[in-house]
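The hints should help you fit chain P onto chain U, whose structure is shown.
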Amino acid sequence: MTTVTLAGSTVEVDPEGFLVDAQQWNRQIAQEIARANGIEQLGDRHWQVVNFMREAYLETGSAPSIRSLGKTSGVPIKELYELFPKGPAKLASKIGGIPKPRGCI
Amino acid sequence: MAHRILILGGGTGGTLVANRLDRLLGDAVAITVIDRDDSHVYQPGLLFVPFGLAEPSEIVRPRHAQLRESIDFRLAGVDRVDIAHNTVDLLDGSTIPYDVLVIATGASLQLEETEGLLGPEWGRSIHTFYSLQGASALRSALEGFREGRLVVNLIDMPIKCPVAPLEFCFLADWQLRQRGLRDDVELTFVTPLDGAFTKPVASARLDSLLVEKGVRVESEFATGRVDAAPRRLHSWDEREIEYDLLVTIPVHGGPEYIARSEGLGDALGFIPADRHTLQSKAAENVFVIGDAADVPTSKAGSVTHFEGETVVENIQRFLEDDELTGSFDGHANCFIETGFHRALLIDFDYETEPLPGRYPERHLGPLPLLAESRLNHLAKLAFQPLYWHVLLPGHEIPGVSSQFHSLARRPAMQGSGRPQ
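Note that the protein sequences, when read in sequence, are chains U and P. 14 is the number that this note's numbering gives to position 14 of the first sequence; each next residue is one higher, with no gaps. 130 is the number that this note's numbering gives to position 130 of the second sequence; each next residue is one higher, with no gaps.
Next up, chain U with everything else stripped away, as it sits in the complex (with noise of 0.2 Å):
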C-alpha cells in the first residue's frame, strides 16, 4: 500500500490506484483520479454511474459488473464506454474509491 495525497488530502492506495478505504473518498478526491484518467471534468451522467457504483458496493460488498451495471444503472452500455473509456466498471470504481470490481472468476 502506498499513501497518495489526492486534492489536499492523504488517502491510502493500492499499486493500481484504488483507494483501500472507501471511507477516505469525497467529490474532489473523485474529479482528480477523473482528471488523471482522462476525464477533464466529470458531469452528471459520469456522476451517476460512480454514485450508483458507490452505493452498490457499499450496501453489498461488491460493486456491478458492466452488464449489470446496464440493466440497473439507467445508463446504457454504450453510453458507459462512451463516459468511461476502456473499462466502464473499473474506472467508474476507481473514480468513485472502491476496490477494483473482482473480475468474475
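One or more hints might be untrue.
Said to hold, decoys possible - To give an idea of the interface, some chain U residues facing chain P are shown, with a C-beta separation under 10 Å as derived from the structure: (1) N37; (2) G38; (3) Q41; (4) D44; (5) W47; (6) T60; (7) S62; (8) R67; (9) S68; (10) K71; (11) V75; (12) K78; (13) L80; (14) K86; (15) P88.
Said to hold, decoys possible - For the chain U half of the interface with chain P, some residues (derived, Cβ under 10 Å), not all of them: (16) L42; (17) I77; (18) G87.
Note that these hints are calculated values from the structure, not bench results. Ideal Cβ placement from N, Cα and C applies to all residues, glycine included.
Just chain P now, with coordinates in the frame of chain U:
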C-alpha cells in the same frame, strides 16, 4: 409429517442433493425434483462433441433414472417462486408448497442479449458448443471448415466452466494440425478479460500455452454486437474483429422464472447466497447450489459437487433448528484439455488461486497441477463414469475432498496465494 423438500432443477446439483437427502433422512422427508425436461446432459462432454471425440448420445441420460426411487420427479416449467408463502407456481397452473426449497436450475444461455447473434447466420457461420444442439451443429461446420479465420469469442463473464473456451482453442489447434490445415486457419481467442483466465498465475501459464499453439489473443475486448454480414465482431469501444467462423460463448444469466420471483435473484438472475453456508439471502428456508448461485467461485460441476455436502448438511441442520455450517470454501477443481492426449489441472478456492504442485497429495500427486500431462487427460476421461455412478448418486469419490484446505498439499510459493 415428513418435511417437504422441493428441488428446482434435476441437473448435477439437484440430483446429488436429492439422492443424499433421501439416503440421509429417509421417511423424515418427502422430496420432489422438478425439471422442464428429462435429459440430463454431462456438460463436460459438450467440449468434445464438435471434434467428434464424443457422440451426443454418449453424454445424455434420463434425469429421472438418476434419482432414487422414493424421490418424486415431475416434468414442468416453473412460473415463479413465492418466498413469502413458501410455494412454487408451475407453468401448468399448479402450485406446490414447500418447507425447504433448493434452487439448482443453473445458468441459461442468453443469445438474445447480444445484438446480431441470432439471425439467418446462426447455425451457419455463428455457433456455440455450450448446448448439445449447438455442439452438434458446430461439428458439421468444423468438418467443412478448411481455411480462414476461426474466432472463439467469450462475450462476458460469468460463464459456465471459464476454461472451456481455452480448451476449445487447444482442441481446435490440435484437430487442424491433424487435418493438415493449421497453416490455412488463423485461430483467435477474443476475451473481455485482460488475459486467458481470471487468476494471475494460471492466466500467465495459459497465456503462454496459447502463444505456443499459435492462438492469437485479443484481450479486453468487450463485445457489443455481431455483424453477420460482413462477418465482424464489434466492441463497445469501437474495435472490430473479422471472422469466417465464429464460436461464441453467449452471455449467461438465470432462467426467466427468477426474474418473475420477487426478491429472489439479482439483476442477472443469479441468486445471492451466503458464500459459506449457501443459504439464500432472500429466505432462510431457501438454499442454492451450482451455477444458479451468485457466489464468487467458478460455475463448474466440481464446485457444485463440493457444495453438495454443505447444502445437504445445512438442510438437515435447518430442519433440526441447529446452527448452519459455513463449511463451503469455494473449492474448484478443473481439468483443462490441451490437445495431443494431454491435460492440465487447476485447483483453487475463495482465498487461494490455482498454483503449481500436485493433486490430491501434495508430494505424491499423482496428478501435476498447472502442468500438462497425459495422466491428467486420462483422469478427465475417467471422470465421466464416476459422474453417473458415484457423484450423482451422492457417494464420496475416494481421495477427493470437498474442502480445499484439508488437502494441504501445496508447496510454498513466493508472492502468491492472494485472491485478486
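Chain P contact restraint for U:S68 - C-beta distance below 10 Å: 4 Å, holds
Holds or violated: is there a CB of chain P closer than 10 Å to the CB of U:R67? This interface hint holds because 6 Å falls under the 10 Å limit.
Cut-off 10 Å, beta-carbon criterion: hint that U:T60 touches chain P: Holds, about 8 Å.
Restraint outcome when U:Q41 is required to lie within 10 Å of chain P by C-beta distance: 20 Å, violated
Hinted contact U:W47 with chain P - closest CB pair below 10 Å: 21 Å, violated
Does the interface hint hold: is U:N37 within less than 10 Å of chain P, judged Cβ to Cβ? 15 Å, violated
Next item in the hint list is U:I77. Is there a CB on chain P closer than 10 Å to its CB? 6 Å, holds
Identify whether the interface hint at U:K78 stands, where standing means a beta carbon of chain P within less than 10 Å of its own. 6 Å, holds
When the nearest CB of chain P is found for U:K71, is that gap smaller than 10 Å? 5 Å, holds
Please check whether U:K86 passes as an interface residue: C-beta within 10 Å of a C-beta belonging to chain P. 7 Å, holds
Against chain P, run the beta carbon of U:G38 and see if the smallest gap drops under 10 Å. 13 Å, violated
Please check whether U:S62 passes as an interface residue: C-beta within 10 Å of a C-beta belonging to chain P. 8 Å, holds
Hint compliance for this structure: hints 1, 2, 3, 4, 5, 11, 16 are broken, all remaining hints hold.
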